[in-house]
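For the protein sequence lines, the chains are A and B, in the order given.
Position in the first sequence (first residue = 1) + 698 = my numbering.
Position in the second sequence (first residue = 1) + 698 = my numbering.
Keep in mind that the hints were calculated from the coordinates and are not lab data.
Quick reminder that beta carbons are idealized off the backbone N, C-alpha and C, glycines included.
All the given hints hold, so there is nothing to weed out.
Selected chain B positions facing chain A (Cβ under 7 Å, derived; list incomplete):
#, residue
1, Arg925
2, Asp955
3, Gly962
4, Gly1145
5, Thr1182
6, His1186
7, Ala1188
8, Asp1201
9, Leu1227
Pairwise CB distance ranges, derived in the manner of DEER restraints:
#, chain 1, residue 1, chain 2, residue 2, range
10, A, Glu865, B, Glu886, 43 to 53 Å
11, A, Arg883, B, Arg1210, 32 to 42 Å
12, B, Asp1064, A, Arg1214, 56 to 66 Å
13, A, Gly892, B, Glu999, 16 to 26 Å
14, A, Asp993, B, Glu1077, 41 to 51 Å
To spell it out: a stretch of chain B is covered by chain A in this simulated footprint if at least three of its residues, at any positions, have a beta carbon under 8 Å from a beta carbon of chain A; those stretches are:
#, stretch
15, 939-953
16, 1211-1217
Protein chains: 2
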Amino acid sequence: MTSEQTFDPASAWAPSDDRPLVGDELRALLTQAFGVEATSPPAPSPAAVTLDVGPSALGDAAAGALTAAVGAAHVVRDEAARAAHANGMSYLDLVRRSAEPPRAPDAVVLPGTHDEVAAVLAACSEHGVAVVPFGGGTSVVGGVAPQRGGYSAVIALDLRRLDRLVEVDEVSWTATLEAGLTGPRAEELLGAHGFTLGHVPQSFERATIGGYAATRSAGQLSTGWGRFDALVERVRVATPAGDLDLGRAPGSAAGPDLKQLVLGSEGAFGVVTSVTVRVRPVPEARRHEGWRVADLATGVEVLRTLAQRGPRPDLARLSDEVETAMGVATGGGGEDHAGGCLVLLGWEGFASDVDHRAAAASAILDAAGAVPLGETAAESWRHGRFRAPRLRDELLGAGLVLETLETATSWRELMALHARVGDVLREALDGDSPLVACHVSHLYAAGASLYFTVLARRDADDPVGQWTRAKAAVMDALAAAGATLTHHHAVGADHAPWLVAEDGELGVEVLRAVKRRLDPAGVLNPGKLVV
Amino acid sequence: MTSEQTFDPASAWAPSDDRPLVGDELRALLTQAFGVEATSPPAPSPAAVTLDVGPSALGDAAAGALTAAVGAAHVVRDEAARAAHANGMSYLDLVRRSAEPPRAPDAVVLPGTHDEVAAVLAACSEHGVAVVPFGGGTSVVGGVAPQRGGYSAVIALDLRRLDRLVEVDEVSWTATLEAGLTGPRAEELLGAHGFTLGHVPQSFERATIGGYAATRSAGQLSTGWGRFDALVERVRVATPAGDLDLGRAPGSAAGPDLKQLVLGSEGAFGVVTSVTVRVRPVPEARRHEGWRVADLATGVEVLRTLAQRGPRPDLARLSDEVETAMGVATGGGGEDHAGGCLVLLGWEGFASDVDHRAAAASAILDAAGAVPLGETAAESWRHGRFRAPRLRDELLGAGLVLETLETATSWRELMALHARVGDVLREALDGDSPLVACHVSHLYAAGASLYFTVLARRDADDPVGQWTRAKAAVMDALAAAGATLTHHHAVGADHAPWLVAEDGELGVEVLRAVKRRLDPAGVLNPGKLVV
Chain A
699 MTSEQTFDPA
709 SAWAPSDDRP
719 LVGDELRALL
729 TQAFGVEATS
739 PPAPSPAAVT
749 LDVGPSALGD
759 AAAGALTAAV
769 GAAHVVRDEA
779 ARAAHANGMS
789 YLDLVRRSAE
799 PPRAPDAVVL
809 PGTHDEVAAV
819 LAACSEHGVA
829 VVPFGGGTSV
839 VGGVAPQRGG
849 YSAVIALDLR
859 RLDRLVEVDE
869 VSWTATLEAG
879 LTGPRAEELL
889 GAHGFTLGHV
899 PQSFERATIG
909 GYAATRSAGQ
919 LSTGWGRFDA
929 LVERVRVATP
939 AGDLDLGRAP
949 GSAAGPDLKQ
959 LVLGSEGAFG
969 VVTSVTVRVR
979 PVPEARRHEG
989 WRVADLATGV
999 EVLRTLAQRG
1009 PRPDLARLSD
1019 EVETAMGVAT
1029 GGGGEDHAGG
1039 CLVLLGWEGF
1049 ASDVDHRAAA
1059 ASAILDAAGA
1069 VPLGETAAES
1079 WRHGRFRAPR
1089 LRDELLGAGL
1099 VLETLETATS
1109 WRELMALHAR
1119 VGDVLREALD
1129 GDSPLVACHV
1139 SHLYAAGASL
1149 YFTVLARRDA
1159 DDPVGQWTRA
1169 KAAVMDALAA
1179 AGATLTHHHA
1189 VGADHAPWLV
1199 AEDGELGVEV
1209 LRAVKRRLDP
1219 AGVLNPGKLV
1229 V
Chain B
699 MTSEQTFDPA
709 SAWAPSDDRP
719 LVGDELRALL
729 TQAFGVEATS
739 PPAPSPAAVT
749 LDVGPSALGD
759 AAAGALTAAV
769 GAAHVVRDEA
779 ARAAHANGMS
789 YLDLVRRSAE
799 PPRAPDAVVL
809 PGTHDEVAAV
819 LAACSEHGVA
829 VVPFGGGTSV
839 VGGVAPQRGG
849 YSAVIALDLR
859 RLDRLVEVDE
869 VSWTATLEAG
879 LTGPRAEELL
889 GAHGFTLGHV
899 PQSFERATIG
909 GYAATRSAGQ
919 LSTGWGRFDA
929 LVERVRVATP
939 AGDLDLGRAP
949 GSAAGPDLKQ
959 LVLGSEGAFG
969 VVTSVTVRVR
979 PVPEARRHEG
989 WRVADLATGV
999 EVLRTLAQRG
1009 PRPDLARLSD
1019 EVETAMGVAT
1029 GGGGEDHAGG
1039 CLVLLGWEGF
1049 ASDVDHRAAA
1059 ASAILDAAGA
1069 VPLGETAAES
1079 WRHGRFRAPR
1089 LRDELLGAGL
1099 VLETLETATS
1109 WRELMALHAR
1119 VGDVLREALD
1129 GDSPLVACHV
1139 SHLYAAGASL
1149 YFTVLARRDA
1159 DDPVGQWTRA
1169 KAAVMDALAA
1179 AGATLTHHHA
1189 VGADHAPWLV
1199 AEDGELGVEV
1209 LRAVKRRLDP
1219 AGVLNPGKLV
1229 V
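Excised from the complex, chain A in its bound form:
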């Protein structure tokens, strides 16, 4: 059975417009630091490995029920489609494609409406087929791994056909978007009405509205504009037990906010089919500027002042000394040798408001002794902001570990946590020449996120074990420090063992009670979130 759809390979980011991504300076740094060569064109990345998916284990009865639910053309069992849904996009996902290739889902099912999603869930509950909701497939925490959860088959429930802009409320500045819309397509549809969603995660090009909701996505403008979970006014969810339609008003005292129980539920409670989100007019002005501050502590105090006293920027990003030296923020060129720490700020919106906020920020940076770098560094970041995954894929061909991990904590704990995570990573990868870079971003009144990038020489004999141990050491350290397990990346399979540190034993029991009520057969995304 062949679909009308074409499927991008799992793990493949579209080619970059501006190769080579690995510039001369970074190439020299790699050779010097890790004794590895980043050839150009790069050696084949593990991302390029073709998977041998094997035969589908979907039984005839289940296939018949799924066909009845969505039509034969939308139950796809060909190898290319299944391989394209075999994994997410983490470093381990890519490395494992060589070392221990994942099993692919037994079919890709493509419902076209909310009711068809509900019918698929009913069919899978009845026939004992696990269901992995699938948007852009950009999870870096094993969130789309096709685990069977004790059942004999698993499908990827691909939401790409739920791709409509249902409604724009131009008075209330809200829009209802279906779950399968990608970021660029949502912006295109909203732009025709003069509005923007303005949510820009690193995965913007491929990730979907439903994925944003299911993982509590944070975008690059979240400091000013809010996390995705803060933008959602209403959410519609199909579950095996029925529908949820949550959110009657922008504020309410009518009991617990069940929206916030569904947001971040990662397909384990149900499938988000549409959300009504806050939108705003396409900005009439946009400004991005860079500064250099003496050190990380100085930069943190600047960001804290911006977050607490305001007026707050939309984008705020402070690279530590290592990230600044590597030029990670400005595109991986390693061209920045002036020392100190790079601060990038951005403002979008009405022109007068952008001017007011930018001027206020300049005064705060001046007072902190920051050196203004103008728009160049910030525009360089903006130009290259979607290149990181492609750069990662190229560098994997050079035999490196290259992964990111992140957390958030209070302003009071931020510097200590920055030091602690760096220490843990350097100790865990001792002998592999680890480089740990970090930026502070996503500011709140009470704290901010820390986003680490790790480079090291890959252990060719046990690449999975090497990174699994290092990552576990960091997760243990985050749990011990009282910081959140993840600010950007969700729980998935990879973080699930540590969820008890976030929510406590009883909190996890509450999540299990909710899951039992909504998914009595336990078919929804086995092994993710609550296990």
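Following the hints, complete the assembly by docking chain B onto the known chain A.
Chain B only, in chain A's frame:
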């Protein structure tokens, strides 16, 4: 057994500093509109009725277990204490004190620590005693009604002894406050550190931190500063099944936000014992100003512009034509005869920020043709902002219905909902000379709240039935309109029958599943939230 504590009578607000509250103009209006006399000093209000509480039904085994949990001095069964916990402060609560006096709880139990709260819940679960968590007792939705829920006894779990400021994090601008602190006492303790919570609901003088959290309280400055549920960084809860301690960072993608499941749970899932909330430095500047706009629609457009384009005021309140004419916003004097609609805005914070925001708002109001009234009207509102409950108590002595109800909806639906609720109330109270006043407040980008005040001639034969029918008609209308059941006042017993309209059948089932997991014996606040 007598407590060291003294207990204010249920329903009693402290005497006002500036009697008489019922001024000459309002007196004349009452006589003209309703044919009733507001005498001065007022006739006894139903609030003044002394309850006959009868004997305590608490069994010896349960009493022994509670004594073991908190000490004999903190298990109080005298009549005054029990009578003080017999009802909340709604119009129906007061009217019922004459018509159908409530049963009082069988004891008032006063734990002093989180662990003692947990011990009380364990004792009650074991011995089959219902538990009504009790803070300031200011619920206007039956939230503290001592229902037994099938058990033979019920206690009021009074949290007044949990009254500590546990910690101020002056770097992260957060503070950890115990649940029994009242608004004024919390401000006093925070003020010693130079900080303020800045959460000012109408019930500020008596309501508690735990009550704010359990009911998702909205304060008068919520437009700028946020609802209480938006201020909570961390919450600690004792439940019969164990403890919850939720909130590791100011933002997180580590699964659903369980904080938002506990906030608004109204004592039905557990007892909030402390919260860590955002605080801010005591404002260096404060400004309140008034304007007159031509009509409600013009005022709504002004508020929408302020909420969406910003910069946003902290306080925003727009009285409709009736409320403006009655002078409700400025203290019940009925002195405002110039027509149109009154707009009150307020800003607090750093001086430069207050000036910037106030100037921007002035420009928007100018453009809408608003007449500036300066600070007088706004300061009059500010001076009298805690008088309304006392005024209500006085007017009840004059034989009136006097109650408020509220909702929230999107900007697009706001004017239609305003008209609809007014129509429903006027129709339901037809023949009783109803007056329906309203203000728009608590602005969000996507919408705002509508807060109605209703006056009518009381049906002396069936006052409870008269208001119960009118209120039900409004709740049905809100449900049909897709608006929230309540933006300010929580669900309690009074709104519980309509919760299915807010959350859907399955949403209510999710709440029940959570309750079963946390409160297997079903002792916690029976008849409230989920029934």
